[in-house]
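Asker: Listed below, chain by chain, are the residues.
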Amino acid sequence: MLQEKVVFQKPHALHDTTTHYCPGCIHGIVHRLVAEVIDELDVRDRTIGIAPVGCSVLAYNYIDVDFAEAAHGRATAMATGLKRVQPGHVVFTYQGDGDLAAIGTNELIHAATRGEQFTTIFINNAIYGMTGGQMAPTTLPGQVTSSTPYGRDVHQAGYPVRVCELISTLTGTAYAVRRTATNPKEIRRLKKAITTAFKVQMAGMGYSLVEVISNCPTNWGMTPIESLKWIEASLIPYYPLGDYKVIEGVSRL
Amino acid sequence: MSTVLMKGNEAIGEAAIRAGCKAYFGYPITPQTEVLEYMSKRMPKLGRVFVQAESELGAINMVYGAACAGERVMTSTSSPGFSLMQETVSYIACSMVPAVLVNITRGGPGLGNIQPAQSDYFQMTKGGGHGDYRAITLAPATIQEVVDHVVLAFELADKYRQLVMVMADGMIGQMMEPVELPEMAEPQRPDLSWALTGAKDRPKNVVTSLFLGAANLEKINLQLQELYKEIEANEVRYEEYMLEDADIVIVAYGTAGRIVQTAVKHAREMGIKAGLFRPVTVYPFPYAQLNEVASRAKQVMVVEMSAGQMLEDVRLATRDAKPIRFFGKLGGVVPLPEDVLQEIKAVANQAAT
Chain U
162 MLQEKVVFQK
172 PHALHDTTTH
182 YCPGCIHGIV
192 HRLVAEVIDE
202 LDVRDRTIGI
212 APVGCSVLAY
222 NYIDVDFAEA
232 AHGRATAMAT
242 GLKRVQPGHV
252 VFTYQGDGDL
262 AAIGTNELIH
272 AATRGEQFTT
282 IFINNAIYGM
292 TGGQMAPTTL
302 PGQVTSSTPY
312 GRDVHQAGYP
322 VRVCELISTL
332 TGTAYAVRRT
342 ATNPKEIRRL
352 KKAITTAFKV
362 QMAGMGYSLV
372 EVISNCPTNW
382 GMTPIESLKW
392 IEASLIPYYP
402 LGDYKVIEGV
412 SRL
Chain C
3 MSTVLMKGNE
13 AIGEAAIRAG
23 CKAYFGYPIT
33 PQTEVLEYMS
43 KRMPKLGRVF
53 VQAESELGAI
63 NMVYGAACAG
73 ERVMTSTSSP
83 GFSLMQETVS
93 YIACSMVPAV
103 LVNITRGGPG
113 LGNIQPAQSD
123 YFQMTKGGGH
133 GDYRAITLAP
143 ATIQEVVDHV
153 VLAFELADKY
163 RQLVMVMADG
173 MIGQMMEPVE
183 LPEMAEPQRP
193 DLSWALTGAK
203 DRPKNVVTSL
213 FLGAANLEKI
223 NLQLQELYKE
233 IEANEVRYEE
243 YMLEDADIVI
253 VAYGTAGRIV
263 QTAVKHAREM
273 GIKAGLFRPV
283 TVYPFPYAQL
293 NEVASRAKQV
303 MVVEMSAGQM
313 LEDVRLATRD
323 AKPIRFFGKL
333 GGVVPLPEDV
343 LQEIKAVANQ
353 AAT
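Going line by line, the protein sequences match chains U and C.
Residues 162 to 414, numbered by our numbering, are exactly what the first sequence covers, in order.
Residues 3 to 355, numbered by our numbering, are exactly what the second sequence covers, in order.
To be clear, the hints were calculated from the coordinates, so they are not data collected in a lab.
For clarity, every value in this text was computed on a predicted model and none was experimentally measured.
A portion of the hints provided could be inaccurate.
Said to hold, decoys possible - In silico lysine to aspartate or glutamate, DMTMM-like type, Cα no more than 25 Å apart, as pairs:
#: 1; chain 1: U; residue 1: K353; chain 2: U; residue 2: E165
#: 2; chain 1: C; residue 1: K275; chain 2: C; residue 2: D203
#: 3; chain 1: C; residue 1: K206; chain 2: U; residue 2: E201
#: 4; chain 1: C; residue 1: K206; chain 2: U; residue 2: E197
#: 5; chain 1: C; residue 1: K202; chain 2: U; residue 2: E347
#: 6; chain 1: C; residue 1: K324; chain 2: C; residue 2: D249
#: 7; chain 1: U; residue 1: K360; chain 2: U; residue 2: E347
#: 8; chain 1: C; residue 1: K161; chain 2: C; residue 2: D134
#: 9; chain 1: U; residue 1: K166; chain 2: U; residue 2: D203
#: 10; chain 1: C; residue 1: K202; chain 2: U; residue 2: E201
#: 11; chain 1: U; residue 1: K360; chain 2: C; residue 2: D203
#: 12; chain 1: C; residue 1: K206; chain 2: U; residue 2: E347
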C-alpha cells in the first residue's frame, strides 16, 4: 500500500491565509521562517510576538502565537515588560527601519544594554514602506524617496545608521547578525540566525537581534527581481552581511 | 494592620506591594523619585519585577507589555513625565488591559518647577491622550487616602480592565504622616483568559488598539462608552464636611481640599456657614451630588492650585445656578488656610450686601 510521507508543508505557526504584503516583499519569507523556527523549537504555546507600526503592523494575523500591537517604536519596551513578568516565555519583536532605527532607537539601545532576554527581527529596507516611501534613517546617500525627491543629501539629511554595528558595541547584546533573503542560500543562513537568536534568549544569554536586509519593490519603483538585485548591488555594500556580535557560548547552543 | 509614619511616595510604593503589584517600571522625576527608589529596594527582595526605564516613554510601554500578560503593574511619574506617557495611555485605554499610574503633580506648564500643583486635572480627567477615552482618577488628600487609593486603583483596574490613575500633588508625595497599611495580600484576580500568557491549549490572543475599518473601531468605541457609563454610575466617590446647613459650598480636592477644610473650621468659628465638598474621584466627577448640595446653598467657591480646571466641572455640575467664586494659586504656590479664609469672608460679605 502506498504510504504518503509529508516532506514539506506550511508551518503550523503560520496562519493559512493570504497576506496584504506587496508581491515580492521579503516580509513573506521572514514570516515563514519565524513560523518554521517556532515549530521546530516547539515553543508555539509560550511565544509572544510584538508587532510594530509599519507594513508588518498586521503580523499578528499571519503568525499563530499570542501577539501584542505596540506603539510606534516602543515594541522593545513592551517586550521588556512582557518578558520580565514571564521569563520562561519566548518573546520577539518584529520591527522595520522606522520603528527601530528612528522613533524606537532609544528603546532599542536600552533594551540591548540591559541585556533583555528577547529577540528582535529587524527588517531593514532603507525606506518607509507603509506610509508611502519616505526616507528612513537607513536610506542611502543619493537614494530618491518621497521625502528626498532629489536624492538623500547628506549635508541636509545626514548619513544612514548601521544598527548591527551600533548594537554590537553594547555589552548586553549577546547576538547581533545581519542577513538577507535574496536567494535560497541566504534564506537558509537567515533561518539559522533566527533559530540561534531564539536559543540565545531561551538560554538567558542576553539580547539578540537579526537584521534582515530587505526590499520594497513598490516604493523603490522596481520589479521584485530588480529589487533583489538592488539589495546585492547597493544595500549589502553599505550594510555588509555578517556576525557583528556573538558572545562566548552561542556557538554551543 | 500596622501603623507607621511614612513619606507619601514611599507609602505609595508599599501600598502597591501589599496590593500585589508584581512589576514596577519608572523613571526618576521630582517630586516622586522616592517611589522608584523605594520599589528598587523592595521589589527585588520579594522576587518581583523592577526596572528603571530609560525614560517615561520606556516606563509606560513596559507597563503596557507587562499589563498584556495580565499582571498587576504600576508606574509613577510627575507632570512632565505624565505628558510623555499620553500616547501609550491612550493605547492602554483602548486595548483594555488593567494598569495603575500614579501622577505626583507639580508646577507647570513646561519644565515648570518641583512644587505641588493641581494643573494636570484636564490632562487626567478629560483624556490627555488622543481619542475618546477616560481613565478613573482618584484624588487623595492624605497619606492614608493615597494608600487606600493605590489599593483601590488595582481593584478597579481589574474590575473594568482599564488604566486607573491616582493624582496626588507633590505635597502629598513628600510629606510624612502615620498610616495604617493593609496586610500583604495575594489578590483575587478576575478572568485573565484574554492575557498574553502563551497560546497553550487555546487559540492565540491578540492585544491591540488597531481596528482598521471604521465600523470595527466604532464598535470598540461604543464598548468603551458603555464601560464609562457603568463607571460613572458606580464609582463616584466624594467627601462632605459641614455641608448640612452650608450657605457657602467650597469645592476642592487633594491638598487644596485639606487646606479648605481648615479654613472652613475657622470660618465656622466666626459664624460663617461654610462647608467643603471634596471630590475623591475626579473622574467620574460627582456631578449629581454636587448639583444637589449646591442647590441647597447660596454660593459656591472653588479652590484649586491651578488656573481653574476642576472649576469647569463645577460649572457643569451646578449649571451656573449659583454664583461661583474661584480662588486659585498657580505655578506651584500652595495657598494657606488664612488665604482661603479671606476669600470665604469676602464671599460671605458679598452675600450680606
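Asker: Run every hint past the structure and note whether it holds.
Answerer: Going through the hints against the structure:
no.: 1; hint: K353(U) / E165(U); result: violated, 28 Å
no.: 2; hint: K275(C) / D203(C); result: violated, 65 Å
no.: 3; hint: K206(C) / E201(U); result: holds, 18 Å
no.: 4; hint: K206(C) / E197(U); result: holds, 17 Å
no.: 5; hint: K202(C) / E347(U); result: violated, 33 Å
no.: 6; hint: K324(C) / D249(C); result: holds, 11 Å
no.: 7; hint: K360(U) / E347(U); result: holds, 20 Å
no.: 8; hint: K161(C) / D134(C); result: holds, 20 Å
no.: 9; hint: K166(U) / D203(U); result: holds, 21 Å
no.: 10; hint: K202(C) / E201(U); result: holds, 16 Å
no.: 11; hint: K360(U) / D203(C); result: holds, 23 Å
no.: 12; hint: K206(C) / E347(U); result: violated, 31 Å
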